[in-house]
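Novice: The chain contents come next:
Protein chains: 6
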Amino acid sequence: MSDRRYVCQLAHNEQISQVFLASEKQLRPNRNGNLYLQLQLSDRSGAIAARLWNASENDYRAFENGDYIKVEGNTQLFQGNMQLIASAIRRARPDEVQETDFLVLRSDEIDRMATRLAEILRTIHTPELRNLAECFLMDADFMAKFTAAPAGMKNHHAYKGGLLEHVVGLMELVLAVAPRYPRLDQDKLLVGAFLHDAAKVDELVYERDIAYSDDGQLLGHMVLAITMIDDKVRESERLSGEVFPKPLVTEIKHMVISHHGEYEFGSPKLPMTLEAVALHHLDNLDAKLASFTQLMVDCPNVESNWTQYHTNLGRKLYKGAGFRVQGSEEI
Amino acid sequence: MSDRRYVCQLAHNEQISQVFLASEKQLRPNRNGNLYLQLQLSDRSGAIAARLWNASENDYRAFENGDYIKVEGNTQLFQGNMQLIASAIRRARPDEVQETDFLVLRSDEIDRMATRLAEILRTIHTPELRNLAECFLMDADFMAKFTAAPAGMKNHHAYKGGLLEHVVGLMELVLAVAPRYPRLDQDKLLVGAFLHDAAKVDELVYERDIAYSDDGQLLGHMVLAITMIDDKVRESERLSGEVFPKPLVTEIKHMVISHHGEYEFGSPKLPMTLEAVALHHLDNLDAKLASFTQLMVDCPNVESNWTQYHTNLGRKLYKGAGFRVQGSEEI
Amino acid sequence: MSDRRYVCQLAHNEQISQVFLASEKQLRPNRNGNLYLQLQLSDRSGAIAARLWNASENDYRAFENGDYIKVEGNTQLFQGNMQLIASAIRRARPDEVQETDFLVLRSDEIDRMATRLAEILRTIHTPELRNLAECFLMDADFMAKFTAAPAGMKNHHAYKGGLLEHVVGLMELVLAVAPRYPRLDQDKLLVGAFLHDAAKVDELVYERDIAYSDDGQLLGHMVLAITMIDDKVRESERLSGEVFPKPLVTEIKHMVISHHGEYEFGSPKLPMTLEAVALHHLDNLDAKLASFTQLMVDCPNVESNWTQYHTNLGRKLYKGAGFRVQGSEEI
Amino acid sequence: MSDRRYVCQLAHNEQISQVFLASEKQLRPNRNGNLYLQLQLSDRSGAIAARLWNASENDYRAFENGDYIKVEGNTQLFQGNMQLIASAIRRARPDEVQETDFLVLRSDEIDRMATRLAEILRTIHTPELRNLAECFLMDADFMAKFTAAPAGMKNHHAYKGGLLEHVVGLMELVLAVAPRYPRLDQDKLLVGAFLHDAAKVDELVYERDIAYSDDGQLLGHMVLAITMIDDKVRESERLSGEVFPKPLVTEIKHMVISHHGEYEFGSPKLPMTLEAVALHHLDNLDAKLASFTQLMVDCPNVESNWTQYHTNLGRKLYKGAGFRVQGSEEI
Amino acid sequence: MSDRRYVCQLAHNEQISQVFLASEKQLRPNRNGNLYLQLQLSDRSGAIAARLWNASENDYRAFENGDYIKVEGNTQLFQGNMQLIASAIRRARPDEVQETDFLVLRSDEIDRMATRLAEILRTIHTPELRNLAECFLMDADFMAKFTAAPAGMKNHHAYKGGLLEHVVGLMELVLAVAPRYPRLDQDKLLVGAFLHDAAKVDELVYERDIAYSDDGQLLGHMVLAITMIDDKVRESERLSGEVFPKPLVTEIKHMVISHHGEYEFGSPKLPMTLEAVALHHLDNLDAKLASFTQLMVDCPNVESNWTQYHTNLGRKLYKGAGFRVQGSEEI
Amino acid sequence: MSDRRYVCQLAHNEQISQVFLASEKQLRPNRNGNLYLQLQLSDRSGAIAARLWNASENDYRAFENGDYIKVEGNTQLFQGNMQLIASAIRRARPDEVQETDFLVLRSDEIDRMATRLAEILRTIHTPELRNLAECFLMDADFMAKFTAAPAGMKNHHAYKGGLLEHVVGLMELVLAVAPRYPRLDQDKLLVGAFLHDAAKVDELVYERDIAYSDDGQLLGHMVLAITMIDDKVRESERLSGEVFPKPLVTEIKHMVISHHGEYEFGSPKLPMTLEAVALHHLDNLDAKLASFTQLMVDCPNVESNWTQYHTNLGRKLYKGAGFRVQGSEEI
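Chains as they are written, first to last, in this note's numbering: chain H, 9 to 339; chain R, 9 to 339; chain U, 9 to 339; chain Z, 9 to 339; chain V, 9 to 339; chain C, 9 to 339.
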């Protein structure tokens, strides 16, 4: 691998001169009239706070959030949190950047998941559902975005390829769980799992930083999916020469718009079919385990059994006495 | 007018032999092994409970809810509520039915409102919005349903033409109120008022009794509207040969899906534009005044200043000392 | 099999003379001064309402809820619901009762599940957890109750053996799902799944009818489990001669008391460990799929795509166009 | 007009020497042991943050919030927000202050609105209601406060004359909307609109800064209005020599105490009359449109289509692509 | 005492011919076309359901709710509940009625409590508060109503004199508890306890049946109290020739309007003073203990340890194994 | 007494050289690259903020929160709040510390309360309850913790001995109030008051700073109490040679687990017995009065009638015009 010092490997008082991904930059007033620059530096292994003292508007404008930047500086353990005091920051030259250092998922991993996605979708027996899935798979533009998008702004799977990872993981859960419930229609459930978050490709903007699009904020991915499904149903009818059963379209849309499970989480309808109920709970299970794990792994209180208090969860999480950040040695 | 005794005119101990609209029929067991038939009889002026003692399964199956039936019987004031004890019930012959006795809105009233609808929509200056509105107006199938549909299952405007009445009323409110707020875009707001409930034409089934369609229950009129708007935008682009501005489509859809104003009432997004906020509050104002008025007018406690307790409102309504059912003389 | 007409097989106008399980008996006043007896009759395939006209206090006192009774009578399709008009009712003689007609789960099925329970628990690697599980398995009194108890008053698994069925099903889910999440401790999770509802053996009384015990109502099964776990931990320490790690006891208790997942459902703590979160969501998934399925199967609106409105769920359920009660031919 | 540079006109790096209204002053510790003064400077066009480095307790005590102060300094664009770095601050001499520069509403505008208020109130036909309104209009002390008070602490109409502006605006809405609902008693509704916030004259203190009075916090304007109405009813009876109908007093009070529409917003009763419902919704409409507009206009994110996230609203607001701060050229 | 059989003494199959207080009368249709009369019969010891078969409109109109009626009939234990099958009912003659049989509180008890009320109020040291209390005590009209009114529609103290009983009980609690908290102003707290429910004399109508007045429903006793306090403050100023301190009036009003403690229970303000907090909690304690006790005593499930489920409380109550209706022997 | 200047006595510009208890220490970055130390200094009379400019990591590590430290410095009145600018800080030598200066409760006060606790518990007549209480009193280890523990993390009684003070205070309330309600079982209620918070001895860690233990966070004091009660019941049975009545254990546990009164405050069951209801309300009364008083006394806005806004209470508190910090002269 590269000789890079990954963020999760940094120790106290290391001399650093390497490339990071920049975000959350702020120019803040020193009360003596001086300014300093504060920002986040990240790579695939995590993120660290950095400061450049005595900065200027020019320093602030020299790069954008989402840029790769070359940073000179020194690490400092400060009350249990590691930070980096930068002495120089500039935009990195393309030849200085090793993309794989910054991607949580390597492109071969993404490829493997995309293949698995197609594989699972082709196990579907119901002809209309299989045709519909095929129309999505054939849409190169959609698939390019679907394999690149994150699954969210923060919390679980908030990185390039995160949407694909979440969806394939969920479909594997469907394959493991559905056979235990004979009345569940596995085909419908697989299509639901595939499409439930599909319109996140348009809800979010994620070329550099992750953010909501205007459409995403005003309509949301559940409503955006309606148009997406209508388009592909029309195409599927055109290709097959047969009318797609309207009640089946309705059931697919119902799974999508009800998958948050409660009005207060933006679902305009509660799950009313067995498959919609199963989809909601499986999605919830996967999302909660992913985000709780992440909160424990990312927790900066290294010496405590507990994470900090998370207001949106209404609790601290218990990492336990023996909690170690697994896999840090293999990044 | 007809020599009919309208429901709202019936007094104690009248001999009745005329046609009513039937609904909510139930065959219930008498505890001696006998059965009786209970049902609602209505005409355009209101509804009255009726009972046929010693009924049979045959009586129960002799007509459907939503049928016109000929009823013989006697009225009875029973603890402040009027009811009708029927001695005979049969399905009415077509020649016995005077349709206008059963329509809250006469067809000329509906025509006048449809004309007014088109008139208001043609005041729109923004070309794209006006074209879009035109596409709806030109769709004879849509307009037939739009002028026939009720605005809801119960509460306000739950009768043929009720949707049109509510929508035109709301658009008149827009015309009266919007000029007072210079930043409100009256054109957008008029389109929002026109389309906010438009998919109720598919959410409800209302040929005889009013009920929810499967699509209506699984998706709801706010989500159904998305497909409807997409279709007409495509048509408008085809007719005009120009691309419809995508942000404008988004704002229209946003007004529609946010018009219930709160997550708990099934809006997947809260109103975020001035027009969406205005639409929500004007719709709410009109709906609340209409339903409160109806609850007061329909209230069977004739001798009390108060309606009964309405659980969904969390209160009784105060009709006041001088409350009279206005217009009963003119029906 | 027996020549019995199972409840789910009964059609209109059948002459019946066989044994049923009685419940919900009520003596109700006829408004002529006569009384009639109303009750539920059930066997393993379902339940049917019955009435005995002109009944007396003696008829009412002739048997208890939970008794097997011999019923003579006639079936009647009444507005889409089947009911039975009884002409004679008496307590059944033991030799008239074929127990297997009344058990949803046959004793060999229960035995098989009990064996599977032990089998799964013996896959546990952590010695202390395995010893603890063993202490429960060795407690013949506990196991007798654990294999006999229902999982609830109503909704899912509300029948003899239902608790065991729910728990083994949940443990199978754990085996299928846990390997997908490397940080989950499968051993802890299996113990959590085993014990989360274990104190339902004391929360409920279920020799005949199912009801809550005084302890069950005043403390609930989550609090009752604390004493149960303390007892077995002490026993396990006595047998092994080693101190059971206190933090491990705490984590087990935490899984149990937090498994309802929210304060409003009676959990005094929210899930704060990965295993507690996983247990809550898997339990929820299994319980919801079981109860939604049951509501669809038991739904008396045979001709509708929809179940009735369930107030506690805040919705109707969509059975779909092609919904059939599967397996009725095999009971 | 004056040669003043209004706050909304200030650009980067302007030399400033003029009078502002001071508020929110704070003396804050510099971490070198030095202090600096932070405050808000405003005029009728808006507000701007200012700082005086190396300040002393004397600087802090040299003026009060609500005072006019003379400020020397320099403007600075700092990360998209304009601020003013002051070099000197002192209390302004009376002859330096041009009151009209600081009033959102000029006194002739206030006079015109007061005239309009009286005009509308004199359209009331119900003699008792008209007499009651007259008693308020004749009370010079009340009218002085009523025309000077703001309508709230922040959000909508939070400036001198804001209460009058909100009330007259609301009464104009009543005149536009009431005729569309024949059962609404326009006279009652006008009195309700006039009095619903009238006790804000005592709830708030607003000679300089706006704040709550002790009475305002302990009782609130809805309860304070009761005493105010009782007083004027007594006066009206004294002047007219006739007993004011008690039920009419009750209905007026009911409109006032229920106009927040929900218990959680401090209404001790829900609206139970048509007029109370109408008042609540019209007031809500006007307040929401005013505050949303203000949040968009005041939004400092000049380059974004979105305002910041407003926690109390639970959302960001969409200003739209073409949003401009209208009227800044005419202040 | 009288030779009356009190309601709480009635056993199965007693021949009854005596006077009761009538309430909740209903004429209900028998499904053979016959009618029967259903009503509640009560005396000071409790209430019992009664039925008169084959009744007519005349029977129904022969008396009003709240009348004393003479009833002939027979008691019947019917599924654990005692009921009375009447053979004849007529309005009672005055000479047949022994008022004391129907009053929960005898007039000497009421007198004693009224005396105690005055006694406690005269312990107040703060001159203004003592004068204010005196103004209420001197108002014969007020005191007549205050000693006659119930404390509520149902639940606790819903009988003649119940308001006085609750208030004096609460003031005794104040005397017992206040000295334990040195910062509590006992004088203010006593006045708060005295006046918190005082306007119930106008909120309720209670000459015969207890019901809400129009004022009570539209304004509520907390708002009605404002006018009452204003009146007495004016009178107190007139009598003493001194101005009543305005902040003290405000604190008294604040205690009254905040004593329900939460917005959702109709308090427009939350308790913000120590005395308001103390009043809320003491009132709550007394009300809850009184109503829980009453629900246990009145519980008709004589053979169960549990009351029925009370929806508004969200629970059943546990009467316990040894629960006896104490004092039934002394009525 | 000592010649110490207590925190609550400090005035502007005093030279200080004495011992304080340290807490909430933070080393914070000065934006010039310098660091400063911020901390709280407290003694039994209150707490004051302090700063040491130009501090180092060594200064930060020189002592722990919970240590006694010797501080040199100067007091400063800064915008109404007193603070201390330290020039030197070091850990105090044992001989410099006068423990009684730092204890809110002196050991003789604690002893007196412990004696009173035993005294009250010995008034219990029910033999089993008295034996049970005795088992707790005899457990020296438990009593040592019970008399040392605070009653909470913050708010009311958050200091050494605070638990004992709260419990004894509550039991005194029981003695004062219970006799007023004849159906209340005073013995049960006393035991409930004694044990309701007893497991706080294990829920909290309080040797130096107060914090939650792992058990405390994962199970909470209500669940921890179950094990504690089971242990003592076993011991009581062993000592008395008699079986403790199981229903009585259940009632005691029920009081404990329901004493927070609502699901959302972590009670897994609502109070269902009279004693449980009484315990909840009395505990609430005492806790609310204690914490409101503390918030008023500790309020740093010396010149205002109001405390700051307390988000968790949803309100400011009104200290009133005449509010003085009583007893500051007697500390």
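Among the clues, some could well be false.
Identical copies look the same in the list; a pair holds intra-copy or inter-copy alike.
Here are the simulated DSS-like cross-link-like pairs (lysine-lysine), alpha carbons at most 25 Å apart as the crow flies [as the list claims (entries may be wrong)]:
hint, residue 1, residue 2
1, Lys254, Lys324
2, Lys78, Lys324
3, Lys153, Lys254
4, Lys153, Lys78
5, Lys296, Lys78
If you are wondering where the hints come from, they were derived from the structure by calculation, not from laboratory data.
Since this is a predicted model, take the numbers as computed values, not measurements.
Novice: Each hint: holds or not?
Specialist: Hints and how they fare:
1. For the homomeric pair Lys254 and Lys324, the shortest alpha-carbon distance between copies (21 Å) is at most 25 Å, but the shortest distance inside one copy (47 Å) is not.
2. For a Cα distance limit of 25 Å, the shortest separation of Lys78 from Lys324 qualifies neither inside one copy, at 36 Å, nor across copies, at 35 Å.
3. Taking the shortest alpha-carbon separations for Lys153 and Lys254, only the inter-copy value of 20 Å comes in at or below 25 Å, while the best intra-copy value is 28 Å.
4. With identical chains, the CA atoms of Lys153 and Lys78 are never at most 25 Å apart, being 28 Å at best within one copy and 57 Å at best between copies.
5. Proximity of Lys296 and Lys78 under a CA criterion of 25 Å is satisfied in neither setting, with 35 Å inside one chain copy and 48 Å between copies.
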